[in-house]
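2 protein chains.
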Amino acid sequence: MTEIEQEIDPETAPEAGTEEQESYTLDRRNVAAILYAVDTGDRAQLLELMEPLHAADIADLLEQVNAYDRRRLVLLYDRDFDGDILSELDEGIREEVIQLLTPDVLKEAVRDLDSDDVVDLVEYLEEPQQEAILGALEDSDRHAVEQALNYPEESAGRLMQREVVAVPEFWTVGQTIDMMREREDLPEQFYHVILLDPKIRPVGHVTLGKLMASPRRTRLQEITEPAFRTIPAMQDEGEVAYAFNQYHIISAPVVDEEERLVGVITIDDAMIVLDEEHEEDIMRLAGVGEGSLNDRVSETVKQRLPWLAVNLATAVIASMVISLFEDTIAQFVALAVLMPIVASMGGNAGTQALTVAVRAIATKDLTGSNVWRVLRREIMVGLFNGLAFAVIMGIVGLVWFGSPALGGVIAAAMVINLVIAGLAGIAVPVILDKFRIDPALASGTFVTTVTDVVGFFAFLGLAGIVLL
Amino acid sequence: MTEIEQEIDPETAPEAGTEEQESYTLDRRNVAAILYAVDTGDRAQLLELMEPLHAADIADLLEQVNAYDRRRLVLLYDRDFDGDILSELDEGIREEVIQLLTPDVLKEAVRDLDSDDVVDLVEYLEEPQQEAILGALEDSDRHAVEQALNYPEESAGRLMQREVVAVPEFWTVGQTIDMMREREDLPEQFYHVILLDPKIRPVGHVTLGKLMASPRRTRLQEITEPAFRTIPAMQDEGEVAYAFNQYHIISAPVVDEEERLVGVITIDDAMIVLDEEHEEDIMRLAGVGEGSLNDRVSETVKQRLPWLAVNLATAVIASMVISLFEDTIAQFVALAVLMPIVASMGGNAGTQALTVAVRAIATKDLTGSNVWRVLRREIMVGLFNGLAFAVIMGIVGLVWFGSPALGGVIAAAMVINLVIAGLAGIAVPVILDKFRIDPALASGTFVTTVTDVVGFFAFLGLAGIVLL
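Protein chains in written order, with UniProt numbering: chain A, 1 to 468; chain D, 1 to 468.
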């Protein structure tokens, strides 16, 4: 029962994952069979096919089919539509699906949900839809949801569940177990019993494992966990996720400004936030606001246009730098051929440095205490990589255009631009972060503008001096 | 004790996180004070300052100071050095710190760790260091670690802990609680009791909360969780993390090929993997292999050089396209000024589309069932954005260079390149994924090559036809 013995021969063991690669993907044949049942209006067949699917998989299915099939599927599925599916759905699709549900089905679906799931469901819905869902709830649940909505968006107060298991700090194991056996509204999942002082302030917590393994007479205070943290209800959810990840927290009590217990956040909530924050970072680094595959074309156009517009403005600035050297280019067209290489290499090296910096800022690994060291390090990296590619490009310039002077110019411009790329790649995100602008959002544009301008200026400027 | 009542006025409530922004950052003054204690060799003061810090924070501290300070700090901290700090350290720094520890301190530090933490610690260490740590363990622990190391890298078998709580399926709540009270080696954290059939195959599990809330005579089979999944020991850890995230799993039994229980994976392990996978995605999208701030300059140069070399090759291909039109450029130098704009806009739009696609492939939202719809959608987005910027650039071309023909050429090239960008942004990652190449790793280079080549070719080619 304890440690399990098993021998595996590393020689014959297959590589991890080779067979299981697709194991959690919604099967393509499965999707086809479900759509066929929808086509033929065969409800019994549909229910049979949907039965083994998890709500998250059904949500994925609804996201992957087109709007026409989605509508027919939801209508045929009808009263078997589960509230959890709504929670799992992408926001863009969620509103559409809610409108397809009859009031009765919606009511039934929403009543099964925990209050924190309902909060998550309604917080970004339009007013009328929000009210339709709140109206379907029982009074006490609606009250809980409305209270949670009073906390600011993306705060710990929105994230927490209000159902907690907490007892006076002087209780024993026996008292606690008896209370739990009697209580009928225990949360679905909980991992700690919270100890409260007389002012309802959490002072410690006990894991269920320890509780169960201890004799009934044991005082809870004797078996509390050594590490214990509370989370302010107003704290940003990103900070909450960071704390769970950094300190390996499983669950933590949430407290108000007087340090009184108001709820509890568990690791599964934190994991979802962490996932969202990562998603946001990646999307922002690429200049894709909040995009998802399920947005309409018009929405996506609107999301991406501003980023492209900013890029256009910076590209025009780079063009202006080029236009300063029109006469030089007119005399040596080879410059026009080679100049994008310098800019492109600078842009790439800059993106490398800035991505490392943006991640390090997000994980709090890049701070005031090491920023100068990191900056020096990136400049050195830029210098060495610059020298390596200077040699290569010098040779390319010489061989392609037969001009040692041109080779020298592109080599020198390469070194300059790669050093500047390392410098800008670190400095830009750090400075943006100082001004509380999300570095993931804006760094890319600034850094590539710098590398474009410096790249063109260095290459064409040096060419003007050396070749003319 | 149940739901906690509290009123918050949304009008006066501060925005989430405004005050707590820096709450989990290692304080800069704190770092300075610790380094001062190291400077003066004041061990008592050092211990006092380090005492409130979590192992994860101490690891961050060691990563942020330079190698000289790190050495002095570790030597002064000496026998108070905790094994958890090693687990939290970045791999680059970990080896360095292990070498600083005396054999006695290392032995003491490692013995406190759970076997799965030791596996995590030693799996990427060099042979001699690995043996030093394994040698410090007690026989039974060393055996467990060595068995785990027999599983392939990045498999569920490496991730799992071998300490499990499992009982025969016919047991009652009372029997289970009595067993737990008697057993002395319960895992630090566990969330379910696993039910086993006579062949040691997991058939279900019971949450500790349900166990505690049920009368002693209840049969475990009556209170098992409705959703229950086992994880094959050979499954890739990325798939494991996906399943935990998708299905909101807290802990799940790991089984061998005969479905027998071999260990258990908990959500905190899955969260760490999820975090690493995201990190990898971001880094790969930016062409930064496995980089970290703590790598030496020479390592970083080596990591980034191959990516820059690939970029250079693609930039040279783009240059060759330009060189086809040298005569055209020689007659209209304005073309050299404007051509980077078309390429840059295409590169940007392509990166937007490919980032959405790479993420959607990773989260299994982009599959065979919706790829054609997504492709059509991106082409439409490219068309509309292309038309918008065609108008703007047409005007810029006209005003700046006073040539309606030039304005028309750049406008047409813009539409063509943005449509191609949408097409390539989806098609390239999807095709790479089909060939089981990580799309995060290689898509960027392919897509920007396509947009550069198409951009230059369309713009300069059209110019040659229209303007000459």
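No lab work stands behind these hints, which were simulated from the structure alone. Do not rely on the hints blindly, as some may be mistaken.
[Unchecked claim] List of simulated lysine-lysine pairs, DSS-like, C-alpha gap at most 30 angstroms:
id, chain 1, residue 1, chain 2, residue 2
1, D, 434, D, 364
2, A, 302, D, 364
3, D, 434, A, 364
4, A, 302, A, 199
[As the list claims (entries may be wrong)] Simulated restraints on C-beta separations:
id, chain 1, residue 1, chain 2, residue 2, range
5, A, 330, D, 392, 21 to 29 angstroms
6, D, 183, A, 198, 57 to 65 angstroms
7, D, 298, A, 402, 50 to 58 angstroms
8, D, 437, A, 43, 40 to 48 angstroms
9, D, 42, A, 140, 44 to 52 angstroms
10, A, 257, D, 297, 22 to 30 angstroms
11, D, 327, A, 305, 46 to 54 angstroms
12, D, 299, A, 331, 38 to 46 angstroms
13, A, 92, D, 143, 36 to 44 angstroms
14, A, 330, D, 364, 37 to 45 angstroms
No residue lacks a Cβ here, since even glycine has one placed at the ideal position from N, Cα and C.
Open item on the list: Hints numbered earlier in the text: which of these fail when held up against the supplied structure?
Closed with: 3, 4, 6, 7, 9, 10, 11, 13, 14
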